[in-house]
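K.L.:
Below are the chains, spelled out letter by letter.
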Amino acid sequence: MSMINYASREINCKIVYYGPGLGGKTTNLEYVYEKVAPSTRGKLISLATESERTLFFDFLPVDLGTIRGFKTRFHLYTVPGQVYYNASRKLILKGVDGVVFVADSHPARLDANSESMDNLYHNLAEHDFDLRELPFVIQFNKRDLPDALSVANMNAALNPTAVPAFEAVATRGVGVFDTLKAISKQVIKSLS
Amino acid sequence: MLGALSWSFQEADSDRVDSLLEALLADSGADRALLIDRTGQLIAAADAAATTDATAFASLAAADFAANEQLAGLVGARDFSSLYHQGSRQSLYLAGVAGRAILALVFGRAVTLGMVRIKVRRALPPLEALFQEVFTRPQDRGDDRLTAGWANEVEVEIDRLFDGV
Numbered sequence: 001m002s003m004i005n006y007a008s009r010e011i012n013c014k015i016v017y018y019g020p021g022l023g024g025k026t027t028n029l030e031y032v033y034e035k036v037a038p039s040t041r042g043k044l045i046s047l048a049t050e051s052e053r054t055l056f057f058d059f060l061p062v063d064l065g066t067i068r069g070f071k072t073r074f075h076l077y078t079v080p081g082q083v084y085y086n087a088s089r090k091l092i093l094k095g096v097d098g099v100v101f102v103a104d105s106h107p108a109r110l111d112a113n114s115e116s117m118d119n120l121y122h123n124l125a126e127h128d129f130d131l132r133e134l135p136f137v138i139q140f141n142k143r144d145l146p147d148a149l150s151v152a153n154m155n156a157a158l159n160p161t162a163v164p165a166f167e168a169v170a171t172r173g174v175g176v177f178d179t180l181k182a183i184s185k186q187v188i189k190s191l192s
Numbered sequence: 001m002l003g004a005l006s007w008s009f010q011e012a013d014s015d016r017v018d019s020l021l022e023a024l025l026a027d028s029g030a031d032r033a034l035l036i037d038r039t040g041q042l043i044a045a046a047d048a049a050a051t052t053d054a055t056a057f058a059s060l061a062a063a064d065f066a067a068n069e070q071l072a073g074l075v076g077a078r079d080f081s082s083l084y085h086q087g088s089r090q091s092l093y094l095a096g097v098a099g100r101a102i103l104a105l106v107f108g109r110a111v112t113l114g115m116v117r118i119k120v121r122r123a124l125p126p127l128e129a130l131f132q133e134v135f136t137r138p139q140d141r142g143d144d145r146l147t148a149g150w151a152n153e154v155e156v157e158i159d160r161l162f163d164g165v
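So the sequence lines, in the order shown, correspond to chains X and U.
Using the numbering used here, the letters of the first sequence correspond one by one to residues 1 to 192.
Using the numbering used here, the letters of the second sequence correspond one by one to residues 1 to 165.
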C-alpha cells in the first residue's frame with residue numbers, strides 16, 4: 001500500500017479508477033488535469049491506442065503540498081476497461097490505496113458494469129485483498145443521458161454495501177471533484 | 001503479490017540508499033540512478049542531469065517491469081530479473097531488487113551495457129540487505145505527525161484545492 005518516506009518526508013497514495021470500457025475513467029483524469037492549477041499536478045501520461053482507448057493505463061500525480069512537514073501526493077491511475085485487458089488491470093491494482101468505480105448509466109451497459117465490478121472483486125480477492133476493507137467510492141457517470149438508469153437501480157445492481165456514490169457527467173466535470181474528494185479523504189483517514 | 005504491505009523509510013535508510021546510488025553513478029558512469037517501488041512510487045534518485053520527471057519515470061518503469069514479468073511467465077521463464085532498453089543516445093537498464101523495488105540506470109553511449117551489468121550486480125546485494133531490514137522490522141510510523149491532526153489538515157487542504165475548480 002502507500003509508501004511513507006520519513007527521510008524525504010513524502011506520502012504517496014495510489015488511487016485507481018476502475019470500470020467498464022468507455023465509461024469515462026480517462027475523462028475524469030483529463031478533467032482533473034485541466035482544472036487543477038499546473039503547480040499542483042504533474043504530467044498526464046496516457047498509454048492509449050491510436051483510437052484513444054486506454055491500452056495500459058493513464059497516470060496523473062496530484063500534489064497537495066506540504067502538510068505538517070509531509071509532502072502529500074495522490075497518484076491517480078485508470079485501468080483499461082475492455083474485458084481482454086485483464087492482465088493489465090491486475091498490474092495497475094498493485095499497491096492500490098483506494099478505488100473509484102466509474103459506472104456507465106446507459107441501460108445497455110448495466111451488464112458491462114456488473115461484469116467489471118465482479119472483475120474488480122475477483123482481481124483483488126485473487127491476491128487476498130478485500131474491497132470491503134479498502135477506501136472505495138462509486139461514480140454513476142453519464143447522468144445526462146436521456147434514458148439513464150435510475151440511481152436506485154444502479155445502486156441495487158452495483159452497490160450492495162452502500163459505499164458513497166456520486167452522480168456525474170464527467171465530460172462537463174459534474175461530480176468529478178466530488179468523487180475525487182471523497183476517495184482522497186477516505187484514503188487519508190485510512191493512513192492516520 | 002498484490003498490494004505490498006505499507007512500509008516506511010527512515011532517515012538512516014534513505015542515507016544508505018542515497019550513498020549506494022551515488023556510488024553506483026560514480027562507478028558506472030551512468031547519468032541517473034533511480035530506486036522505484038514496484039507499485040510505481042519513487043523511493044530515491046541520484047540524478048546527475050537532474051532533468052528527469054522522476055514521478056512519471058517511476059510510474060512507467062514500474063509498469064514496464066510488471067508487464068515484462070507477465071511476459072516472462074507467458075514464455076515459460078520464472079521472471080526477467082533485468083531489462084535493457086537500447087536507445088540511440090540514452091539507454092535504460094532495470095533490475096529487480098528484493099522482489100519489491102526496481103533499480104533503474106539511465107546511461108549514454110560512452111557507457112557499455114557490460115559495465116552497467118557488472119556495476120548493478122555489485123550494487124544489488126547491499127540494496128537487498130537494506131530492504132530485508134526495512135521489511136522485517138516492526139512497523140513503526142516513527143513520527144507523531146501522522147496523527148488524526150495531520151489527517152484533518154490534509155482534508156482541509158483537499159477541500160481548498162478541489163472546491164470551486
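I should point out that these hints are in silico values taken from the structure, not numbers from a laboratory.
Be a bit skeptical, because a hint or two may be false.
A few chain U residues that face chain X, going by a derived Cβ cut-off under 10 Å, partial list only [as the list claims (entries may be wrong)]: (1) Ser14; (2) Asp15; (3) Ser19; (4) Asp31; (5) Glu128; (6) Trp150.
What you are looking at is a predicted structure, and each value in this text was computed from that prediction instead of being measured.
Beta carbons are placed, not taken as given, at the ideal position from N, Cα and C, and that holds for glycine.
K.L.:
Please go over all the hints and tell whether each is borne out by the structure.
P.N.:
Here is what the structure says about each hint:
{"no.": "1", "hint": "Ser14", "result": "holds, 3 Å"}
{"no.": "2", "hint": "Asp15", "result": "holds, 7 Å"}
{"no.": "3", "hint": "Ser19", "result": "violated, 12 Å"}
{"no.": "4", "hint": "Asp31", "result": "violated, 20 Å"}
{"no.": "5", "hint": "Glu128", "result": "violated, 18 Å"}
{"no.": "6", "hint": "Trp150", "result": "holds, 5 Å"}
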